[in-house]
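Chemist: Residue numbers (the working numbering), protein chains in the order written: chain E, 1 to 318; chain U, 1 to 311.
Calculated from the structure, these hints are not laboratory results. Don't take every hint at face value.
BS3-like, lysine-lysine: derived pairs with alpha carbons at most 25 Å apart [to be verified]:
id, chain 1, residue 1, chain 2, residue 2
1, E, Lys-63, U, Lys-303
2, U, Lys-18, E, Lys-113
3, E, Lys-113, E, Lys-175
4, E, Lys-113, E, Lys-63
Being a predicted model, the structure only gives us computed values, none of them experimental.
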Amino acid sequence: MKDQPLLQFIDVSKWFGRVLALNQVTWTFHRGIVGLVGANGAGKSTFLRLAAGLLRPTLGEVKIAGRDAWDWRSRRLLGYCPSTDSFFYDQSGEEFVYTMARLCGIPRRTARKQTELTLQRLGLSDLAHRPIYGYSKGMRQKIKLAQALVHQPPLLILDEPLAGIDPVGRHELIKLFHQLSQEGHSLIVSSHELQTLEQLTDHILLLSHGRVAAAGTIREIRRQLADYPVTVRITVSSPRAFARHLVEWPEVIAIEWSEPSRQASRGTLLVRIQQPNEFFQRLTQFLAHNPWNISRVEPVDDSTHELLGYILGGSGKT
Amino acid sequence: MKGMNTQLSLKYSPWQEKTSRPYTAIAAIGRISLLLICRQRLFWGLLALAMLAFFFFLYGQYLMVWINLQFAHETVRIAGFSVNISQLLRFLDRLALQGTAHTYANFIWFQGYILVILLCFSGSHLFGNDIIYNTMIFYYSKPISPWYYFCGKCLAIIFLIVMTTFIPATILWFEAGLLLDGLTYYTQNYLVLLGIAGYSALIALTLSLLTATTAMIFQRTAPMVLAWMGLFVLLRMMANWLAMTTQEGDWRLLDFWNNLYLCGLWCFGIDHATIRPIPQPHYNNAFLVVFLIITLCILYICKQTRLEIYR
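Using the sequences plus the hints, can you model the full thing?
Modeler: Take a look at the structure:
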């Protein structure tokens, strides 16, 4: 079992009715911290719920240390912190974490001790006896984290653990995640903010439209993306003349254009490019020296839009 | 936000200490479910009502014995007429407050009225809220089989049923022994105690499964109360009317509480001919209906154990 990867997705697809939430995902995770990034609806939560054994793949297999994740016994190895803010509000934090510890098979006395220790570590000891409905959003996040951590699982699956937390709290949690990693826990942390995850790890898994768009370190992903063909729409007053310049650029693979109609004074170029960073740098320089009447430049492909948005650190629009 | 204590160590190492068997989670879920219910004021109100019926039987039994011993042959004057005291108590005959099997069967029958409301409330609170507020995710992400989740919740419901039927009925049985022939009563009626246990166990099993099933279907209290009222009140009235009109006892099979009552009477070993009102269906038919309901509930719960958590 020691040679087995901690988490393994083998050709996993998940359909919800007619919606394909995850599409043929294959990924292996051994240890460390991995940031799961993607826009809303990219499939992050589905991915994590499949990993936590809460969902069953329509096709393919999800394995935790070699055992099917859907099998409840495999959940001994993981702690899951959901993104949903749902609780038994009448319960106190301490009672909630204690019950969760008991569900993990921890005997009564040890469960009390472990609950106390976990709450102390998360700075919740003083407030643990209060009912959860009186907790702030940050405290509720911490309680969710405490219940995932209480049985000291090797794998922690944290779905948007930093959402809705103020910067100070965020900093504290990131520090805690680092400590947990140093202590031997492995973490999969999802977020739709790459900047936040960059503070935590440089290993990311980028999901886009249910597919793994990229996996590896951020540097590797940037390099992969450099050769990723992208289609860019450029709206310009005289497209034919502008295309004559573009065609000489090495990043441009193909150009399609439409002449301006009588109603519209501008035409549109659809430019297929590779190495988008270099292309946009060259375009900026070119326009600085040669004034053209360009009203719009934007990536056409949605997935590209997301990829650029996340990796280049903007909205994706250039 | 309070600063986290980073000095404390909770270092990861594979869990070295002994873990309990996974099914101990059933008790943990049952415990927390009961605590959740006990925190609701409505629960205490309903429990108080259930206790009222119990105290009625407790003091009624005492009163019957006391009156029979003290004033059995005396008369009182009401509106100028002399009436024997024992005649005045005829209205209590329906309850059979003499420490017989019928006493306990009747007691559990009457507890049913409040039990139905109590279970509607508890079911929606225990199962419905987990679905509505998505708290199921915490249970399902732990290393327990979904069956343990259902068993834990059902355990809490069984506890409520036992608390309102078996325990008070057993107290009544002990009281009857103390009031009547003491040890002779206990030795002659130990099978009645087994009957109480059997009837209560059957109610506990059936109603916990039915509560779990209907709570998962209807989730909220109001629709669940309506559904249960339909099942236990409307169908009962209809069954009664059909049975009286056609003189066919099998129509009473529509009355689920009556079926449980018949099964309970069988546990007490009561002769079918003494059951009132007549006509009544045969014991076997009542058992068949109860078995059918239990099977349907288990099939539904089986389906739910394969549930995926989407939200």
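Chemist: Failing hints, ascending?
Modeler: 4
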